[in-house]
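**Student:** With the sequences and hints as input, model every part of the structure.
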Amino acid sequence: MADLHSSKHWYDYLLGIDRRWVYAVMAIAVIIPAIKSFDVPVGISSEVRNVFEYVDGLKPGDVILLGVDYEPSTLAELHPMSEAILSQAFEKDVKVILTTLSQFGPAMADEIITRIAHEYGKEHGVDYTFLGYKPYPAITILAMGTDFRVPFPTDYYGTEIDSIPMMQDLHNYDDVECVISIASGNSADFWIQYGNAKYGVQVALGVTGVMATDYYPYLQSKQLFGLIPGIKGAAEYETLRGKKGDASRAMPYQVTSHIAILLFMIVANIGYVTQRRAQHRAGMMR
Amino acid sequence: MKRQLPIFIVFITGIIMVIQFFVPHAWSEFLFTYANDFVIVIGILALPLGIFSLMRGTVKKAQRDPKERIFALATIAGFLVMVVAGVSRDNFTSPTSLLQYSFNYILIPCQATLFSMLAFYVASAAYRAFRVRTWLATVLLVTAFILMLRIVPLPGPLSEWVAALVRWILEVPNMAAKRAIIIGVGLGGVAYSMKIILGIERGYMGRD
Numbered sequence: 001m002a003d004l005h006s007s008k009h010w011y012d013y014l015l016g017i018d019r020r021w022v023y024a025v026m027a028i029a030v031i032i033p034a035i036k037s038f039d040v041p042v043g044i045s046s047e048v049r050n051v052f053e054y055v056d057g058l059k060p061g062d063v064i065l066l067g068v069d070y071e072p073s074t075l076a077e078l079h080p081m082s083e084a085i086l087s088q089a090f091e092k093d094v095k096v097i098l099t100t101l102s103q104f105g106p107a108m109a110d111e112i113i114t115r116i117a118h119e120y121g122k123e124h125g126v127d128y129t130f131l132g133y134k135p136y137p138a139i140t141i142l143a144m145g146t147d148f149r150v151p152f153p154t155d156y157y158g159t160e161i162d163s164i165p166m167m168q169d170l171h172n173y174d175d176v177e178c179v180i181s182i183a184s185g186n187s188a189d190f191w192i193q194y195g196n197a198k199y200g201v202q203v204a205l206g207v208t209g210v211m212a213t214d215y216y217p218y219l220q221s222k223q224l225f226g227l228i229p230g231i232k233g234a235a236e237y238e239t240l241r242g243k244k245g246d247a248s249r250a251m252p253y254q255v256t257s258h259i260a261i262l263l264f265m266i267v268a269n270i271g272y273v274t275q276r277r278a279q280h281r282a283g284m285m286r
Numbered sequence: 001m002k003r004q005l006p007i008f009i010v011f012i013t014g015i016i017m018v019i020q021f022f023v024p025h026a027w028s029e030f031l032f033t034y035a036n037d038f039v040i041v042i043g044i045l046a047l048p049l050g051i052f053s054l055m056r057g058t059v060k061k062a063q064r065d066p067k068e069r070i071f072a073l074a075t076i077a078g079f080l081v082m083v084v085a086g087v088s089r090d091n092f093t094s095p096t097s098l099l100q101y102s103f104n105y106i107l108i109p110c111q112a113t114l115f116s117m118l119a120f121y122v123a124s125a126a127y128r129a130f131r132v133r134t135w136l137a138t139v140l141l142v143t144a145f146i147l148m149l150r151i152v153p154l155p156g157p158l159s160e161w162v163a164a165l166v167r168w169i170l171e172v173p174n175m176a177a178k179r180a181i182i183i184g185v186g187l188g189g190v191a192y193s194m195k196i197i198l199g200i201e202r203g204y205m206g207r208d
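Chains A and B are the protein sequences, given in the same order. Using full-length UniProt numbering, you'd call the opening residue of the first sequence number 1 and step up by one each time. Using full-length UniProt numbering, you'd call the opening residue of the second sequence number 1 and step up by one each time.
Read the hints as simulated data drawn from the structure, not as lab findings. All figures in this text were calculated on a predicted structure; none of them were measured in a lab. We put the beta carbon where it would ideally sit given N, CA and C, even for glycine. Take the hints with a grain of salt, since some may be wrong.
Derived pair list, reagent style DSS-like, types lysine-lysine, alpha-carbon separation capped at 25 Å [claimed, not checked]:
1) 222/A - 195/B
2) 198/A - 195/B
3) 134/A - 59/A
4) 198/A - 178/B
5) 2/B - 195/B
6) 92/A - 244/A
7) 92/A - 59/A
8) 244/A - 122/A
9) 8/A - 243/A
Partial pick of chain A residues on the chain B-facing surface, computed with a CB cut under 10 Å [what the hints assert, rightly or not]:
10) 77
11) 106
12) 126
13) 134
**Tutor:** This is the structure:
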């Protein structure tokens, strides 16, 4: 045992770092920006620009449907997207219908719409409507294609849809310019499969970083007109709006944690390659 | 008869729903809405079963292991508090209600913490898994490295070069692979549905 220990080379140490050290380095990586933050330059991708320009090109009085289809676990990543889109829509006097297909969505949607509407002096029922939550995303999306009143006879606050001034002439997807779903689950797929494919409504998505790669095929096939991927996508959107928000403030944490992961990958591979060469040389000598 | 009747019902309703999808008529829409209401009703009927199952499982675990009792107590207390807090409709919209406080100061931090812990596991997994063992593993390593590198601000043209490379990875190899998977899953779904409608696949009835 003692011999084995004494024959340990430097590359063996690189390969055998205890996972607690990995966690410790990661913790330090995310603490650093909390102590001393810094600016991160954000390059703009075309998929994010498409969403921004679409909303920017809408006329006052146009209506968009914003889906708050995420859970509290992804709030940090996706809430800034909802915030940026809502603010942009209200700035352009675009009306917003809010729905949520996530069971924990209503409280988050209510919080954000109330806060941002208050900030821009927008009135409930005139400038925006929050329809609330219904289970079964696929069924709800399909039912809204017939009429919003089918899954949502009343809004989140219990008001009859027909007594909401903004909703008088709004019946289904034909009456909205687009759907932007900020999603952390499979409701994103249902918006593409049923909202776009069956009813032909223009769909854009805001998704978590890990989900983003799944949706690039739909960009090329034009089933999505835009995509906001993860916190970086949200930061890009904020950059396009010229107003820094939570996403831009979160970017330094992303940078330091990614650097930490990249360093671990480099260290492990230096150790691995050196060890393999040493083993190969030892084999040749024998 | 016990087996034939469900198969017959599934066959008829399956065929009707397939036809309904392609018929843009008011009656077709009515049928669709009516069928969807059934799905929701069945889901609601499953809710008491879920609650009963949660309670039974928690109590049994607590009985079996004294160390689990504190967690079982927390589960039951949490469940009851949320049920009581959510009984009144006003609690949903009042920012100072117990329901909103529980949501904002317990549920959100708990879920966010669990999700954030992924970063630590990802770092550990990346350190152990991404190694140049084979050429395929090397391709995976290089791709992951480039994709992660796009978050990191790089000097001058290097940043643009990485962004272009990331775009190419996402739009060409990634899309080709994803599209193949999506088409495969779609065809599999159609085949499986056909098997259910035609009574070949009977797993949904329990042991065949």
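**Student:** If a hint holds in the structure, say so; if it does not, say that too.
**Tutor:** Each hint, compared with the structure:
At most 25 Å may separate the alpha-carbon atoms for a hinted pair to count; residue 222/A and residue 195/B exceed this at roughly 32 Å. At most 25 Å may separate the alpha-carbon atoms for a hinted pair to count; residue 198/A and residue 195/B meet this at roughly 24 Å. Between residue 134/A and residue 59/A the alpha-carbon distance is near 30 Å, which puts this suggested pair outside the 25 Å criterion. Proximity of residue 198/A to residue 178/B is assessed by CA-CA distance (about 22 Å); at most 25 Å being required, the pair is judged to hold.
Under the criterion of a C-alpha separation no larger than 25 Å, the hint pairing residue 2/B with residue 195/B is consistent with the structure, at around 19 Å. With a C-alpha separation of about 18 Å, the suggested pairing of residue 92/A with residue 244/A holds against the 25 Å cut-off. At most 25 Å may separate the alpha-carbon atoms for a hinted pair to count; residue 92/A and residue 59/A meet this at roughly 7 Å. Between residue 244/A and residue 122/A the alpha-carbon distance is near 22 Å, which keeps this suggested pair within the 25 Å criterion.
Distance hint between residue 8/A and residue 243/A is unfulfilled; the C-alpha atoms sit about 54 Å from each other, more than 25 Å. Taking 10 Å as the C-beta cut-off, the interface hint given for residue 77/A holds, the closest approach to chain B being about 9 Å. The beta carbon of residue 106/A comes within 7 Å of a beta carbon in chain B, closer than 10 Å, and the hint placing it at the interface holds. Because the smallest distance between the Cβ of residue 126/A and any Cβ of chain B comes to about 18 Å, over 10 Å, the interface hint for this residue is violated.
At its closest, the beta carbon of residue 134/A sits 8 Å from a beta carbon of chain B; the interface hint therefore holds under the 10 Å criterion.
Checked against the numbered hints above, the structure breaks hints 1, 3, 9 and 12 and satisfies the rest.
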